[in-house]
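Chemist: Since chain A is already given, all that's left is putting chain B on it; use the hints.
First to last, the sequence lines map onto chains A and B.
The numbering of the first sequence is our numbering, which starts it at 967 and goes up by one.
The numbering of the second sequence is our numbering, which starts it at 622 and goes up by one.
No lab work stands behind these hints, which were simulated from the structure alone.
Honestly, I wouldn't trust all of these hints.
[Claimed, not checked] Pairs of lysine-lysine residues, derived as DSS-like cross-links and limited to a Cα-Cα distance of at most 30 Å, are as follows:
| no. | chain 1 | residue 1 | chain 2 | residue 2 |
| --- | --- | --- | --- | --- |
| 1 | A | LYS1049 | A | LYS1008 |
| 2 | B | LYS734 | A | LYS1008 |
| 3 | A | LYS1023 | A | LYS1008 |
| 4 | B | LYS690 | A | LYS1023 |
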Amino acid sequence: EPEVTQTPSHQVTQMGQEVILRCVPISNHLYFYWYRQILGQKVEFLVSFYNNEISEKSEIFDDQFSVERPDGSNFTLKIRSTKLEDSAMYFCASSEDAFTYEQYFGPGTRLTVT
Amino acid sequence: AQSVTQLDSQVPVFEEAPVELRCNYSSSVSVYLFWYVQYPNQGLQLLLKYLSGSTLVKGINGFEAEFNKSQTSFHLRKPSVHISDTAEYFCAVTELRNNNDMRFGAGTRLTVKP
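Here chain B stands alone, though its shape is the one from the complex:
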C-alpha cells in the first residue's frame, strides 16, 4: 500500500520568508498527490493536487508544489509566507488503482513568526 513521509514535524519561519514543506511518498503504482491545510479547530482544506500533466502545480493562497517522480517527492513551497499561513499541513496520496484509500502523512506544523 501507499505511504507518505513528511520529513519535518515543525517548521518555524519568519513572516515574508520563503518556506518549503517536504513530502516523500512510496507506492508501487502511479499515484495522485495532495496537500491539505488544517487551521486550528477546523477541518482539512485542499490546497492543491497533482493528478497528471505539468509537474508544477499551483494551489490556493500562493502555494505551489512540484511532483518529482524520480525522487518520489511532492514538496510544498511558498515564496513569502504570512502570519495567517500558520497551520498544520498534510501531504496525502492515493493510488490510481484505488482512489478511495487516501493515506496521509503525519503533518507539518508551520509557524510563521512576525
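Chain A on its own, in the form it takes in the complex:
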C-alpha cells in the first residue's frame, strides 16, 4: 500500500540553525500539508500546498517557515532560524484531491532544538 514517507525520523539542531524536513507524498496525490505536534499538545495545521503554491497557512506559519516541491516527488519544510519552541513532531500529509478529504499522514520527524 502506498504511504507517505518522511526523513529524517529525528533531527537535532542548535538554536538559530536552518533545518529542512523532507517528505515524499503518495505519488498520485496533488495536495500536500505540514502539521506539527508539540509534545503533549494537539496536532496543529501549518500549511497546505497545491499546484506549486501555498493554498492555505496558519498563523503559526510565519516568515521563518517555507515549503517547496523541488522535484516531482519531494515536499520540504524549511525552518530558517530555529528556536527552542520549534521543537516538535512535524507531520507531512497528502491527499489525492480536494474532494475525498482524506489526508494520508507520514510517520513524522521529531525535531529537537537545543
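Modeler: Below, chain B alone, put in the same frame as chain A:
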C-alpha cells in the same frame, strides 16, 4: 474558524468493555469530521470520516461514530475494545468552504487494560 474539543484527555478501560470517546466541534458553517488514531511512534491513521449522508459512520477496526448536528458532536464508539486499541485518538474538523485547514482536538489517550 472551526475548533474541536475532546472532552476526555485519558480514558482507561478494560479489555472487551465498550468505549466512547467524546468530541464536540464549533463552526459557523457546515463541516466535515474525522477521527484519526496515532499508535506509539507512528503517524496518524484515518479511522473514519463524515462528509454527508448517514449520520452513523463505520470505520476500520470496529469503530463507529455518530454525527449529531444539533449537539455539534461526533463521538467515537466501539462495543468491545482490545489491548491493541491502546493509542491516542484525535478528532478533527474541516469547513466545507476551506477544506485545506484541518483543526485537531487535543487528543484522547485510550488505555485498554487486561
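Chemist: Run every hint past the structure and note whether it holds.
Modeler: Consistency of the hints with the structure:
Using a Cα cut-off of 30 Å, the hinted pair LYS1049(A) and LYS1008(A) holds, with the two alpha carbons roughly 19 Å apart. Taking the CA atoms of LYS734(B) and LYS1008(A), the gap is near 24 Å; set against the 30 Å cutoff, the hint holds. The suggested pairing of LYS1023(A) with LYS1008(A) holds, with an alpha-carbon distance near 17 Å, which does not exceed 30 Å. Our distance criterion of 30 Å between C-alpha atoms is met by LYS690(B) and LYS1023(A), whose separation comes to about 28 Å.
Every hint from the earlier list agrees with this structure, and none is contradicted.
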